[in-house]
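Using the sequences plus the hints, can you model the full thing?
The lines below spell out each chain.
Number of protein chains: 2
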Amino acid sequence: MPDSVVIALDAMGGDFGPEVVIPAAAKVIAKRDNLSMVLVGDQERLRDCAQRHNIQLHDRLRVQHASEVVEMSDEPAMAMRKKKDSSMRVAINLVHQGIADAAVSAGNTGALMAIAKFVLKTLPGIDRPAICTTIPSKDGHTQMLDLGANVDCTAGHLFQFAVMGSVLTEAIDNVQRPRVGLLNIGSESMKGNAQVKAADESLVDAPLNYIGFVEGDDIYSDKVDVVVCDGFVGNISLKTAEGVARLIGYYMKQEFKRGLYNRLAGLIALPVLRAFRKRIDPSAYNGASLLGLKGIVVKSHGGADVNAFANAIENAIVEANQSVPQKIQEHIQPLLQRQSA
Amino acid sequence: MPDSVVIALDAMGGDFGPEVVIPAAAKVIAKRDNLSMVLVGDQERLRDCAQRHNIQLHDRLRVQHASEVVEMSDEPAMAMRKKKDSSMRVAINLVHQGIADAAVSAGNTGALMAIAKFVLKTLPGIDRPAICTTIPSKDGHTQMLDLGANVDCTAGHLFQFAVMGSVLTEAIDNVQRPRVGLLNIGSESMKGNAQVKAADESLVDAPLNYIGFVEGDDIYSDKVDVVVCDGFVGNISLKTAEGVARLIGYYMKQEFKRGLYNRLAGLIALPVLRAFRKRIDPSAYNGASLLGLKGIVVKSHGGADVNAFANAIENAIVEANQSVPQKIQEHIQPLLQRQSA
Chain A
1 MPDSVVIALD AMGGDFGPEV VIPAAAKVIA KRDNLSMVLV GDQERLRDCA QRHNIQLHDR
61 LRVQHASEVV EMSDEPAMAM RKKKDSSMRV AINLVHQGIA DAAVSAGNTG ALMAIAKFVL
121 KTLPGIDRPA ICTTIPSKDG HTQMLDLGAN VDCTAGHLFQ FAVMGSVLTE AIDNVQRPRV
181 GLLNIGSESM KGNAQVKAAD ESLVDAPLNY IGFVEGDDIY SDKVDVVVCD GFVGNISLKT
241 AEGVARLIGY YMKQEFKRGL YNRLAGLIAL PVLRAFRKRI DPSAYNGASL LGLKGIVVKS
301 HGGADVNAFA NAIENAIVEA NQSVPQKIQE HIQPLLQRQS A
Chain P
1 MPDSVVIALD AMGGDFGPEV VIPAAAKVIA KRDNLSMVLV GDQERLRDCA QRHNIQLHDR
61 LRVQHASEVV EMSDEPAMAM RKKKDSSMRV AINLVHQGIA DAAVSAGNTG ALMAIAKFVL
121 KTLPGIDRPA ICTTIPSKDG HTQMLDLGAN VDCTAGHLFQ FAVMGSVLTE AIDNVQRPRV
181 GLLNIGSESM KGNAQVKAAD ESLVDAPLNY IGFVEGDDIY SDKVDVVVCD GFVGNISLKT
241 AEGVARLIGY YMKQEFKRGL YNRLAGLIAL PVLRAFRKRI DPSAYNGASL LGLKGIVVKS
301 HGGADVNAFA NAIENAIVEA NQSVPQKIQE HIQPLLQRQS A
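One line per chain: the protein sequences are A and P, in this order.
Residue 1 is where the first sequence starts when you use the numbering used here, and the numbers rise one by one after that.
Residue 1 is where the second sequence starts when you use the numbering used here, and the numbers rise one by one after that.
It should be emphasised that the hints constitute simulated quantities derived from the structure, not laboratory data.
Each hint should be verified, as a subset may be incorrect.
The list cannot tell twin chains apart, which means a pair is met if one copy fits it or any two copies do.
[To be verified] Result set (DSSO-like, lysine-lysine): computed pairs, CA atoms no more than 30 angstroms apart in a straight line:
{"hint": "1", "residue 1": "K278", "residue 2": "K223"}
{"hint": "2", "residue 1": "K121", "residue 2": "K257"}
{"hint": "3", "residue 1": "K197", "residue 2": "K117"}
{"hint": "4", "residue 1": "K294", "residue 2": "K27"}
{"hint": "5", "residue 1": "K191", "residue 2": "K82"}
{"hint": "6", "residue 1": "K191", "residue 2": "K121"}
{"hint": "7", "residue 1": "K117", "residue 2": "K223"}
{"hint": "8", "residue 1": "K278", "residue 2": "K257"}
{"hint": "9", "residue 1": "K138", "residue 2": "K257"}
{"hint": "10", "residue 1": "K253", "residue 2": "K278"}
The following block contains the structure:
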């Protein structure tokens, strides 16, 4: 049985703050013995919220006071410098101090990245942390990074992302030698921008299961386990997917409302459509990892509901049990020495 | 009534060559009087194919011989230099010579762009042509460019794409002052890479209906009419959308096959699902414009079927009737003078 895990939760972050975070924490803790959680935020509001939800606070679900809140509109640098007692900062401090094994926040992504990088620092050999998330694919799923932390990336950054993504996938998805692909606009080696071509050259020689270039549609196939790209492209690809899924849902609703037959067919097909919707439910995939730090930080979607936030907590627990930062460090060192040799 | 239009078709291009191109041409010409088409390719194969499909060749649907074919695997530069009598090249030559008003090809995109640029040249003030396509949105559609012709773009290129996209949309979609958005990873002005930020600054001052930054999901909303991005990002976004749509279709099929009830529900819902599928059918959107050239070139998807290729021809006809290159030229000149002033 793994050791007891402690998770620090930024209880004020996201669109709903404690109203989602506390019920999600209670839901996760009810299923586990060897788990503690620290709810970080305004103690009065948190106690009040717990009471309203009939959730008992105890020594495995305790409150740690923090007087400030990072707003969604706050500039990351300002949030870092001016709000030293924010719930986000205090949660990450708990990881830094070794009191918690991981922090989870649904707050401002830029601020979370800036504060996490400042407080925890990056692992030796990692220039920049990356955001990695799980994406559904045909009969499984894909890990994709970076998703917006790094707008401009060199080939060296992409190389580091590839290593981190491979280690994460091996650790949390239990995949041996995950297939790593570099996102490009064609699978031929002559295509792509300079960074992608140079990263491809160094990845070919790396002791990873590097399968070469992949295209945007391959993310959703079962061709690849880890998709590597810069944060600009990754964010746009992810948002595109959200837009397409929403559009298809909208069209389908419209079709099932067009006339009496369609409405009846829709009623009959409802259980199937519900099962289908559950399958593409983004909350099952909520919880992106900030990789490359000396500590575990998981970012929840700002608009996450209780189930979705609970999923982000579960991801943090798996990463803590698997000691993901230590594993990244073990893997990156020999590769970097090799690369610079 | 508009003047008679002549369209040159690369009859050998794409996965199916004349087997798709000739029936598509016959389908389109049957609906119109003031239209001629030139089928360019191996004359024996074309005549044979027309005969097999019971399609009568006549002076409005004639064959022009070309002895070579650009293969999908050909390097663009090689296809341009070595295959001077390719069906693709001869079709574009017909536009250059003023014999045809537009060329349509389902062949190798890179080769088509290289040959079109070499033969037709870009309009004054346009550094690079861009590929623009129509994308379905909630209750209408969006034009998006560039989709892969230009991997690295400066702010100036993005500015030119914005002007070209705006002119195209006004001309072919009959939208007054189309809303132009720049694809970015957030709507705040502090986000994005250097090119995108600089393009944003010059677009704010341009006499376009520029609405600022848009995100990946906005492409599929009704928030914007023209989405501008570099070809690397555009291609990955487009391929992502294809991957997501395919994945959702796969999941839905699986759900409707899970057990007897679901199968019956699927049968009952079949007409609705078919109408839905028709609505997201990519063939209705087939036919991307190569914008910025002194002539009209439309690229069909390589795997297009007869309906899809017919749609690409229809797009070429609309662009010819609307004199899109002339309109781009009229718009770009004063803007560029203004920009450099």
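Violations among the numbered hints: 2 and 7
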